[in-house]
Amino acid sequence: MLEKIKEAPIKSFLYYVSFCLLIFSLVTANPIATVKGLGPILLSSSTLITDYMGISSMSSAFLNAAIVSFFTLFLFHIAKIQYNGTSIASFFLMAGFSLFGKNFLNIIPVFLGVYVYALVNKDSFRKYIYAALFGTSIAPIVSEVIIHFSGRGITLQSIIVGTIIGGVCGFLLPALSVECLRVLQGFNLYNIGFATGLIGIFFTAAFKSFGFGTEIRMIWTTGRSPILCVFLYALFLSFILFGYLLNDKSFQNYPIIFRHSGRAVADFTVMDGFPLTLINMGVVSTFALSYLIVLNGDVNGPTIGALFTVAGFGAMGKHLKNMCAPMFGVFFMSMLAHWSLKDPSVQLAALFCTGLAPITGQYGFGWGIVAGAMHSLIVLSVTTFHGGLNLYNNGFAAGLVVMLLIPTIESFMKDN
Amino acid sequence: MKHNKKKMLIILEELMKLFMKLGATNIAVNFDMEEEQCTIRIKGNYEGKSARYFQEIAKCLNCGRNEEVEECYWSISGSSEINQDSELYIVGSMLDQCTLNFSETELEIVGYRKL
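Line order of the protein sequences matches chains A and B.
Per the numbering used here, the first sequence starts with residue 1, numbered consecutively.
Per the numbering used here, the second sequence starts with residue 1, numbered consecutively.
Here chain A stands alone, though its shape is the one from the complex (with noise of 0.2 Å):
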C-alpha cells in the first residue's frame, strides 16, 4: 500500500483560512457591533441574490462564514473523516456562501434531514457528510419558511414548518445526488447543484399551489473595497506560499496538474500532493481575483463566494488549463447578447462557468468555450425555475449544459 496522503497539513491549512474569516471580521470594525450585525444576516430571507454585505456589513458577513467555516471543521472532527481534495472543495463552499446565503441557523436543518437519512438507513452519517454539505445550498428553504410562511413575521409555527422542510431536503439529497451525479458523469462539478436545483422547483411549484410565494432577490453591494482586495490578494497568494514552501521551496512539478482533465472525482491531493495542490489553489483564485477587478467587477458576497469555489475546486478538478475556455465563451456571449459582463449574474456566471472545466480538459478548448457560452445563457433563466431557493444556480445550469452538450460531443467521438 502506498503511503496516504498527509493530512495534518490539510486540516492545518482549513484551520489557517477560518482563522483568517474570522480575525479580518474581528478587525474591520467594531467587534460588538460586528457580532450584533449577526441579527439581520440570522433573520432575513437568504433567497438568491442576498448579498449578507449588503444586508449587514461586511465583517458581520466574514463572522457568519467564519462561524460556518469552524462548524464545518467540526462536523469533520465528530465524523473522522479523512482530509482530502473533497474535504477542502466542500469547506471553501461552506465558508464561501456563508457571505450570501448560507448562516449558521438555516444550514441546521438540511443537516438533521441528512442525519435522518443515515439513521433510516442504519448507516454512518459520515458517509452522507459530503451530500449533507454541499447541500446546504438548499439552505434559503428554511429562512424563507421560518420568516414568511405564516405571514406574520417569524412563529413557532413557521420555525417548526420551516425546519421540516428543510430536513425534508436534507433527506432527499444523498439518494437524488447520487442518481444525478450518475447523469452528469462527473462533467459538472457542481453536481449537487443540480439536485437541489430539482428540489428547488419541487419546493416552489408545491409554495404556489398553497398560496405561498418565494420572492427572487437582488442585494448586491457595488465597487471594491481596496481593504477587501488586499485581504483576497493576501490571502489567495499565501496559498501559493504555503504551497511553495511546502513543496521544498520550489514549484517544480507544478504543470504535472494541467495532465488531468479535472472530470470528478479529480482529487488533487491524492494524484499529485498537497504541496502542488495549494499552489494550483492560490493560481486558480488569484486568477479569478484579477479578472474579475480588471473587468470591473463587484467584490461583494456572491462574488467572493464564486472566488472561494474556484479556490477550493482549486484542489478538486479546477487549473488554469481546463478552467479558462468557459470563461471565454462567457465573454464571447456577452459580446453578442443583450446583457454585459457589469450585470450581477453575469459576473456570477463568468467565476461559476468553471464547474464545467472537465468539458475543456476531456474534449478540448472549443467545446469548452461553447460549455461557457451556453451556460452564460442558461443560468440567466433558470432561477425563476427553483424561486431562487438553490444557490447553486450556477450548478444547476452547469448540469442542464452536460445534458444537452455531452451527448452531442460524444456523438462526433470516434468509437475508440
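If you're looking for bench data, these hints aren't it; they were derived computationally from the structure.
One should not assume that every hint holds.
As the list claims (entries may be wrong) - Each computed BS3-like pair below joins lysine-lysine, with the alpha-carbon atoms no more than 27 Å apart:
| id | chain 1 | residue 1 | chain 2 | residue 2 |
| --- | --- | --- | --- | --- |
| 1 | A | K321 | B | K59 |
| 2 | A | K122 | B | K5 |
| 3 | B | K43 | B | K21 |
| 4 | B | K6 | A | K122 |
| 5 | B | K59 | A | K249 |
| 6 | B | K114 | A | K6 |
| 7 | A | K321 | B | K49 |
| 8 | B | K59 | A | K11 |
| 9 | B | K5 | B | K17 |
| 10 | B | K21 | B | K59 |
| 11 | B | K21 | A | K321 |
Stated by the list, open to error - Covered stretches of chain B, going by a simulated chain A footprint (3 or more residues, C-beta under 8 Å):
| id | region |
| --- | --- |
| 12 | 58-71 |
| 13 | 84-90 |
Nothing here was measured: the structure is a model prediction, and the numbers come from that model.
Every residue, glycine too, gets a C-beta built ideally from N, C-alpha and C.
Please arrange chain B on chain A, whose structure you already have, making use of the hints.
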C-alpha cells in the same frame, strides 16, 4: 451495506475498462465473494506502457478506502466508456487494498473490499 453488489460490479467494470484501454486481448477474471470480504483478481496482457504509468494507476487504486467519498461519488464510475484517473480514484476509495503486479507483457490487479 447499501448497493454493495452494484459497487462490486462497478469496480469490476472500471478495472475491465482499464485493461481494454491498455489494449488487452486476453483477460482472466476471478471474483471471490466471501462473507466479510470480496476479492477481485484480474489478469491480462497489455501493450506499450511504462513502469511509471503503472505507478500512477497504483497511486489512484491505493488511495485507501474512503467511505465518505465512496458514498458521494460511486455512481459516476461505470457510467461512461472513458476510463481515467478520476474513475480509478473512485475505485480506489471503494477498495481496502489493491495490489498491482506487472511484467513486460502481463498485468495483474487484485482488489480487496471488506463487506
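Hints and how they fare:
Among the hinted pairs, K321 of chain A with K59 of chain B is consistent with the structure: their alpha-carbon atoms are about 23 Å apart, no more than 27 Å. Proposed proximity of K122 of chain A and K5 of chain B is supported: the alpha carbons are some 18 Å apart, at most 27 Å. At most 27 Å may separate the alpha-carbon atoms for a hinted pair to count; K43 of chain B and K21 of chain B meet this at roughly 14 Å. For the suggested pair K6 of chain B and K122 of chain A, the alpha carbons sit about 18 Å apart, so the restraint of at most 27 Å is met.
With a C-alpha separation of about 24 Å, the suggested pairing of K59 of chain B with K249 of chain A holds against the 27 Å cut-off. Restraint check for K114 of chain B and K6 of chain A: satisfied, since their Cα atoms lie roughly 24 Å apart, inside the 27 Å limit. Pair hint K321 of chain A plus K49 of chain B holds up; C-alpha atoms about 26 Å apart against a cutoff of 27 Å. Using a Cα cut-off of 27 Å, the hinted pair K59 of chain B and K11 of chain A holds, with the two alpha carbons roughly 22 Å apart.
Straight-line distance between C-alpha atoms of K5 of chain B and K17 of chain B comes to about 18 Å, which keeps the hinted pair within the 27 Å bound. At roughly 18 Å between alpha-carbon atoms, K21 of chain B and K59 of chain B fall within 27 Å of each other, so this suggested pair holds. This hinted pair checks out: K21 of chain B and K321 of chain A have alpha carbons roughly 25 Å apart, not beyond 27 Å. A stretch counts as covered by a chain when three or more of its residues have a beta carbon under 8 Å from one of that chain; for the region 58-71 of chain B and chain A the count is 12, and the coverage holds.
Using a Cβ-Cβ cut-off of 8 Å, 5 residues of the region 84-90 of chain B lie near chain A, which meets the minimum of three, so the contact claim holds.
Of the numbered hints given earlier, the model fails none.
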